[in-house]
Amino acid sequence: MKDDLFCAPLPKRFEFDSQVAGMFDDMLARSIPHYQETLKLASHFVAQDLVGVVYDLGCSTGNFLATLAPLLPDNTPLVGVDNAPSMLEKAQEKLKTFNVILRCEDLLSTPLDNAGAVVLLYTLQFIRPLQRQALIERIFNALKPGGVILVAEKMMSLDRILDKQMVELYYLYKQAQGYSLNEISFKREALENVLVPYSLQENMALLEQAGFKQPEVLFKWVNFGLLYARKT
Numbered sequence: 723m724k725d726d727l728f729c730a731p732l733p734k735r736f737e738f739d740s741q742v743a744g745m746f747d748d749m750l751a752r753s754i755p756h757y758q759e760t761l762k763l764a765s766h767f768v769a770q771d772l773v774g775v776v777y778d779l780g781c782s783t784g785n786f787l788a789t790l791a792p793l794l795p796d797n798t799p800l801v802g803v804d805n806a807p808s809m810l811e812k813a814q815e816k817l818k819t820f821n822v823i824l825r826c827e828d829l830l831s832t833p834l835d836n837a838g839a840v841v842l843l844y845t846l847q848f849i850r851p852l853q854r855q856a857l858i859e860r861i862f863n864a865l866k867p868g869g870v871i872l873v874a875e876k877m878m879s880l881d882r883i884l885d886k887q888m889v890e891l892y893y894l895y896k897q898a899q900g901y902s903l904n905e906i907s908f909k910r911e912a913l914e915n916v917l918v919p920y921s922l923q924e925n926m927a928l929l930e931q932a933g934f935k936q937p938e939v940l941f942k943w944v945n946f947g948l949l950y951a952r953k954t
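Here the sequence shown is numbered in the numbering used here, starting from 723 and rising by one per residue.
Watch out, some of these pointers could steer you wrong.
[To be verified] Once the Cα atoms are required to be at most 27 angstroms apart in a straight line, the calculated DSS-like pairs of lysine-lysine come out as:
| # | residue 1 | residue 2 |
| --- | --- | --- |
| 1 | LYS734 | LYS818 |
| 2 | LYS935 | LYS818 |
| 3 | LYS866 | LYS812 |
| 4 | LYS762 | LYS935 |
| 5 | LYS866 | LYS762 |
| 6 | LYS734 | LYS896 |
| 7 | LYS886 | LYS816 |
| 8 | LYS724 | LYS866 |
| 9 | LYS896 | LYS942 |
| 10 | LYS886 | LYS896 |
[Claimed, not checked] Simulated restraints, written as ranges between beta carbons of each label pair:
| # | residue 1 | residue 2 | range |
| --- | --- | --- | --- |
| 11 | VAL916 | ARG825 | 18 to 24 angstroms |
| 12 | ASP739 | PHE820 | 36 to 42 angstroms |
| 13 | CYS729 | PHE848 | 35 to 41 angstroms |
| 14 | ALA730 | ARG825 | 31 to 37 angstroms |
| 15 | GLN814 | GLN855 | 28 to 34 angstroms |
| 16 | ASP748 | GLN770 | 42 to 48 angstroms |
| 17 | ALA856 | ALA730 | 35 to 41 angstroms |
| 18 | ASN821 | VAL939 | 37 to 43 angstroms |
| 19 | GLN855 | GLN897 | 32 to 38 angstroms |
| 20 | ASN797 | ILE883 | 47 to 53 angstroms |
| 21 | GLU759 | ASN821 | 36 to 42 angstroms |
| 22 | ASP748 | PHE941 | 21 to 27 angstroms |
| 23 | ILE883 | PRO807 | 41 to 47 angstroms |
In short, the hints are calculated from the structure, not lab data.
Beta carbons: idealized from backbone N, C-alpha and C, even for Gly.
Model the full structure from these sequences, guided by the hints.
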């Protein structure tokens, strides 16, 4: 389904409900620059020297797991976690031919047994800021030695002028994908205080303070990026 959710102001607070789930893949493809390339990059680096179970926290409709699964042996355990049943229904349809366990649970407390890789793609930005450090620390503690974390996020800049320029360029990108100025404005209003982006520096600090050494930027386009870190 085409994403037309924000053709008018939302009558309620933004939620990942059945209406959003039905058009979510189109929303992702048109709203996140280089989305497919980010999935491929994350999948490649997860598949290298994997030491345990792969957890996709905030798996939504299962796009990352569908990209990753063909790169791994058939018996590799993959777990997708999301707290939105409608999203998991879409993921189940997409992943039915793969060895994937889908869990409808709170990713802040879901078990991460035998974790070899934990992926949060555009997920952390929806977690309350006060809870983010504790989540990253829990992931670090759960990962086996050699395990990895990958985090993709929308990011802000600490330079106010640059941040404004980055946002303006991003809006031009969205217009090129077919979104109207009204849709862009209504979405920005709907996601205010729901999606709270950190800067690149703040996201890197979350990883470092949790214990990850030398986190790296695998990819960045203006105000979107993919980060990688390994537990040594």
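If I claimed the Cβ atoms of VAL916 and ARG825 lie 18 to 24 angstroms apart, would that claim hold in this structure? 23 angstroms, holds
For the pair GLN814 and GLN855, does the Cβ-Cβ distance stay inside 28 to 34 angstroms? 32 angstroms, holds
If you draw a straight line from the CA of LYS886 to the CA of LYS816, is it 27 angstroms or shorter? Since the Cα atoms of LYS886 and LYS816 sit roughly 38 angstroms apart, the hinted pair is violated (cutoff 27 angstroms).
Beta-carbon spacing of ALA856 to ALA730 - inside the hinted bounds 35 to 41 angstroms or not: Holds: the Cβ-Cβ distance is about 37 angstroms, inside 35 to 41 angstroms.
Within a Cα-Cα threshold of 27 angstroms, do LYS896 and LYS942 meet the stated pairing? 17 angstroms, holds
ASN821 paired with VAL939, Cβ distance criterion 37 to 43 angstroms: Violated: the Cβ-Cβ distance is about 31 angstroms, outside 37 to 43 angstroms.
Is it true that the CA of LYS866 sits at most 27 angstroms from the CA of LYS762? 23 angstroms, holds
Satisfaction of hint between LYS935 and LYS762, Cα-Cα up to 27 angstroms: Judged against 27 angstroms, a Cα distance of about 24 angstroms means the pair holds.
Measuring from beta carbon to beta carbon, are ASP748 and PHE941 in 21 to 27 angstroms? Because 22 angstroms falls inside the window, the suggested range holds.
Assess, step by step, whether the Cα of LYS866 is no farther than 27 angstroms from the Cα of LYS812, and give holds or violated. Distance of about 30 angstroms is beyond 27 angstroms: violated.
Per the hint of 47 to 53 angstroms, is the separation of the Cβ atoms of ASN797 and ILE883 within bounds? About 52 angstroms separates the Cβ atoms of ASN797 and ILE883, which means 47 to 53 angstroms holds.
For the pair we were handed, LYS935 and LYS818, check the Cα-Cα distance against 27 angstroms. 36 angstroms, violated
Going down the numbered hints, you'll see the structure goes against 1, 2, 3, 7, 8, 12, 13, 16, 18, 21, while the others check out.
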